[in-house]
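Residue numbers (the numbering used here), protein chains in the order written: chain A, 491 to 811; chain B, 491 to 811; chain C, 491 to 811; chain D, 64 to 160; chain E, 64 to 160; chain F, 64 to 160.
Quick caveat, the hints were computed from the structure, so don't treat them as lab data.
Using 27 Å as the maximum straight-line C-alpha spacing, the simulated DSS-like pairs for lysine-lysine come out as follows: (1) A:Lys-581 - A:Lys-717; (2) F:Lys-90 - E:Lys-160; (3) E:Lys-90 - E:Lys-160; (4) F:Lys-78 - E:Lys-159; (5) A:Lys-711 - F:Lys-88; (6) F:Lys-90 - D:Lys-103; (7) A:Lys-711 - A:Lys-581; (8) D:Lys-99 - F:Lys-99; (9) D:Lys-99 - D:Lys-81.
Here's a subset of chain B near chain C, in silico, CB distances under 10 Å, partners left out: (10) Leu-541; (11) Ile-673; (12) Ser-679; (13) Ser-690.
Here chain F is said to cover these stretches of chain C; the calculated rule only asks that three of the stretch's residues, wherever they fall, bring their Cβ under 8 Å from a Cβ of chain F: (14) 519-533; (15) 767-775.
All values reported here derive from a predicted model rather than from experimental measurement. Even for Gly, the Cβ is constructed at its ideal location relative to N, Cα and C.
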Amino acid sequence: MNFQLIIENLLSPPILFFLGGLLAVAVRSDLEIPRDVAKFLSLFLLFSIGLKGGVELSHGDDLAEMIVPLGLAVAFAVVVPFYTFYILKRKTDVYNAGAIAATYGSVSAVTFVTAVSFLQEAGIDFGGHMIAALAIMESPAIIVGVILTGHAQEKGKGKKNLKSVLHEAFTNGSVFVILLSLIIGLVISDKQYAGVAPFSENLFKGILSLFMLDMGLLAGKRISGLKSHGLFFTLFGIGVPLLNAGVCMLICAWAGVSFGNAFLLTILAASASYIAVPAAMRIAVPQANPGIYVPMSLGITFPLNIIIGIPMYYSILQQLY
Amino acid sequence: MNFQLIIENLLSPPILFFLGGLLAVAVRSDLEIPRDVAKFLSLFLLFSIGLKGGVELSHGDDLAEMIVPLGLAVAFAVVVPFYTFYILKRKTDVYNAGAIAATYGSVSAVTFVTAVSFLQEAGIDFGGHMIAALAIMESPAIIVGVILTGHAQEKGKGKKNLKSVLHEAFTNGSVFVILLSLIIGLVISDKQYAGVAPFSENLFKGILSLFMLDMGLLAGKRISGLKSHGLFFTLFGIGVPLLNAGVCMLICAWAGVSFGNAFLLTILAASASYIAVPAAMRIAVPQANPGIYVPMSLGITFPLNIIIGIPMYYSILQQLY
Amino acid sequence: MNFQLIIENLLSPPILFFLGGLLAVAVRSDLEIPRDVAKFLSLFLLFSIGLKGGVELSHGDDLAEMIVPLGLAVAFAVVVPFYTFYILKRKTDVYNAGAIAATYGSVSAVTFVTAVSFLQEAGIDFGGHMIAALAIMESPAIIVGVILTGHAQEKGKGKKNLKSVLHEAFTNGSVFVILLSLIIGLVISDKQYAGVAPFSENLFKGILSLFMLDMGLLAGKRISGLKSHGLFFTLFGIGVPLLNAGVCMLICAWAGVSFGNAFLLTILAASASYIAVPAAMRIAVPQANPGIYVPMSLGITFPLNIIIGIPMYYSILQQLY
Amino acid sequence: MDFLKRVEIVVPHPKTEKMIALLEKAKVEGYTVIEKVRGKGNRGTQDGLGLTDAFTNSLIIWYGSASEFDQLQESIRQMVLESGGICAVSDAAWVKK
Amino acid sequence: MDFLKRVEIVVPHPKTEKMIALLEKAKVEGYTVIEKVRGKGNRGTQDGLGLTDAFTNSLIIWYGSASEFDQLQESIRQMVLESGGICAVSDAAWVKK
Amino acid sequence: MDFLKRVEIVVPHPKTEKMIALLEKAKVEGYTVIEKVRGKGNRGTQDGLGLTDAFTNSLIIWYGSASEFDQLQESIRQMVLESGGICAVSDAAWVKK
Ligand SMILES: Nc1ncnc2c1ncn2[C@@H]1O[C@H](COP(=O)(O)O)[C@@H](O)[C@H]1O
Ligand SMILES: Nc1ncnc2c1ncn2[C@@H]1O[C@H](COP(=O)(O)O)[C@@H](O)[C@H]1O
Ligand SMILES: Nc1ncnc2c1ncn2[C@@H]1O[C@H](COP(=O)(O)O)[C@@H](O)[C@H]1O
Ligand code: NA
Ligand code: NA
Ligand code: NA
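Only chain A is shown next, with the shape it has when bound in the complex (with noise of 0.2 Å):
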């Protein structure tokens, strides 16, 4: 493994204000960043990375070359709830079976934006698309999480849960907020987007940072809610991750994805929701215990990747490529 990389990425400064923000909690001190602070934060970095990708697909992705990442994209985030609900079947009961399988099927956009920034550091190019990938893996593991939990509900209900599971899959906010942005970036002249590109652009990586910290905050609040859950919880959090990167890795160095892509489509697979799909799942599927989703997603899986996976997967794909 590339430690030189390792190092590198852990003295960036997102890396170490998220971890500033673990330590807090672990001093216990009283550092608060207010909720609607941290929404406007992460509004930003949607808004910002949206903008970004729609400017670069507009100045022509190919679109041939579209396809495979964006089908690679739609098959990650449908086969692996699919593939964790029966392992996780066999731990815990259908309710967080399901829950947990819909959580690791979509992606974390800060993990996504983590990692672009990583890219930018390193001067290597990615399509516009990917963002149009992000917004995509989004929302159909809530889809299919809730299918494979609703054979055991009941059968009246079913139908109108996953209705409304459907509607707020496809209207979630950050969903939105991602694609308008994006689809804003494409229409725009650059004239224009260099009137909006001070904000957008120039704030990124310091807005980053300060939002590393919540999250930081945020994970070590979450992560000793895990302890009472037990091994194999932990377990999943680490190896499946690791396992759709490693699969992803493979399959885009066989399939031709360029570098950059095929990076941050690895990120995009092994990255949990920690918003989106525990916001919905609290709704849909009240009998999963956010106690165990969340931490897993938050506490485990996204340190995990922005601090070790982010430049181990990129040595990899060095390797590969």
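We have chain A; now place chains B, C, D, E and F with the ligands onto it with these hints.
Relative to chain A, chains B, C, D, E and F with the ligands alone:
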């Protein structure tokens, strides 16, 4: 009409994000921008436009040149609520008539900054005193509106009520911030303005875009509230702004107001308040129905002005000048 | 005294916005900045000043040069609460004496950043370790203050109380953020700092200005609370900062502390806490009256320092150096 | 005589509009909603952390007459049963409606 | 014996300070205020949308003795009548004042 | 029969977690917390101004059976005594627990 210009305006990020907000409501997305964040974005816009206006003023608007536009501003702020009140009284009670009259006599700062952004894009100058016009036009209509309804109110309390309305009208937060920033922009040195400009000026378009997303969400939620109140109010919300704009353009052309200033005065005359006036009316004229005057200004007149009005007034003025 | 300098300082945007906030309260404007937004602005300032300080430190402050200023910082933080406590005890009870002593032994980060902004305007260098001094001086006075009042408290609980105060003192959010940012600034590369600087550095003056508007609102609301508590506290709030500043300047000149560092140390010695200490005192010494110690620091000492103190200490130091 | 009842309902935040719709359909004269409250119940802790409001609750206060309450009681019960949360009632009196 | 009354007042947000001033003038021992609550009543829906707090309410809770309440009842009624909102009272008991 | 009690507690914001811990230790079935409320009491005005939450209160609502309440009453009293704030109780009935 200049469709080219309408299309170009439609393709600017602020307008596109506004439409995106409308769309979010239409598809019942759960997208929401926290109120405190929206207040911050709005505070930023007032701060930014005020400072900028002050700096422009300090670079020497001709005093003589300022008199006509500012006089017109006062005239519109006072005359519009009067004439609209008498139109409105035929169709609704005195309370609603007064509240709606006040709403249309006052102005919308966001419509104004959108127009400023449009002007800058077109590379056309305007005087810093137009920001003063914005501030000046915000409050008089509140007082006129309350006086007009006041005839129908109890003797004793009318006076107390008027006094508190007068106070509110001249000290309300948004007028205060814009005037304060204007004065500060006027007195600081260019070097000091250069210190704050990377915040107040460079981020303007980006923050306006994000804020317009919120405006779209709001307008979308409001517009449906109007359905139950009949066609008259909808027609009023379209016709009165166009009438005010038309009259304003003719007077400006006749009085020799410069193109840029005429354009901004027109947008002020055409715009209706959706913050200060509704807030004042809820307290001063609680008998009026906010379910009518808020959707009219926010759901009808605001979109009309920023989507169609801005390019239309611009091309009409081009004919006149 | 150098009136020129006072005028120049008065004409800087942050000070003007502070005065604007005072004015808003005086005219009873309903202007309000949401608490969560103010917290965000304050977080930004700590983040920004911390990072910058860390980067400066990494560019090599001489270790030998750091010892005297940091030693002085600790000395002031410990000595000030002691001597003020004995003055205060003559005029008020032990609880209020302890709380006020702690308030004046600690520091105000916003006063500090205003001074930094003033120094940068003047083009004068200072050491990154001054940001460490700021962090170091925040907490010791809390502990001293509680110990001093502690003699009068019940045996059993005193210890428990002290322990929790100690913990709070060293983990309180603002100290944590500033130290974290300082360390991160120290370890990241210049290239990585360049990534966050468009956020943390370029927006500094603008955000400080907006934040000062809020400080003006707060100070304005607080100052009136002091009236009922007599002249002594007002005089204390003026006299003690000036005394601390005077002593600090003399020691610095004598000990050969550099001009920039001496200026910042002076402002730290002169400033009083209005966030961390009041928060700690409300819980640790609930018998003390926040209606006294908060208005003293926020309504008297804070404006004194930023309006008159900063240019005055600066010109006095110019005489001494 | 018709006594006044103070009905207090706590539901998950995403169910707020549904519960309000129930009250509106019954044409109650008014209600008050406190959003984003925290809490703990059978379905775990709602601590309000994270970037979503899904893990917060809404507290709804409805003052209604005993007879109105009798009519609505069962449908409120049903909805709370479905959505999670609690509902409790106590006696009160109008000072000013 | 003097029983404890729990008085709950809802007024438009811009009238909060006025209502508090009324309580303070009467020298009540304490009160609690929850700001920016939503609601619906005779004067329409206060949904908290927009950029102003004018369309939100404040909920004020005041625990006072029955005799204090008797004295204040009428002036609270009057103020709620003027400013809009509601006021209701219920019986309670101190656990710790 | 075991009646339902509605217990309402107001404590300084920094003491919220402590009070909740007390309830959790007693294994109550649930509680609801409204944070950052303003108020006035013997220890002065908590106006929520400033950059810290120290000058705000938390309002905690706990519905428990009369017997649970009897058991907890004294420790709540003690904690409110220490931390400041108030606690009052009133009678209620479940519509849906
Ligand atoms: N005994 C109780 N007292 C007060 N609030 C409760 C109680 N039980 C539940 N709640 C509230 O109702 C919410 C949902 O409850 P549940 O659906 O049982 O998890 C909780 O998060 C609490 O806010
Ligand atoms: N029956 C009720 N129960 C609970 N809250 C109410 C009720 N009626 C009115 N309110 C509250 O009081 C506010 C003002 O009422 P109104 O002045 O009648 O519009 C409403 O927005 C609600 O928050
Ligand atoms: N009589 C009362 N009615 C309602 N709330 C009260 C009352 N007394 C005190 N409070 C609340 O309890 C908090 C703390 O009270 P204290 O510790 O007495 O200052 C106050 O800030 C109020 O929010
Ligand atoms: Na995934
Ligand atoms: Na107008
Ligand atoms: Na000091």
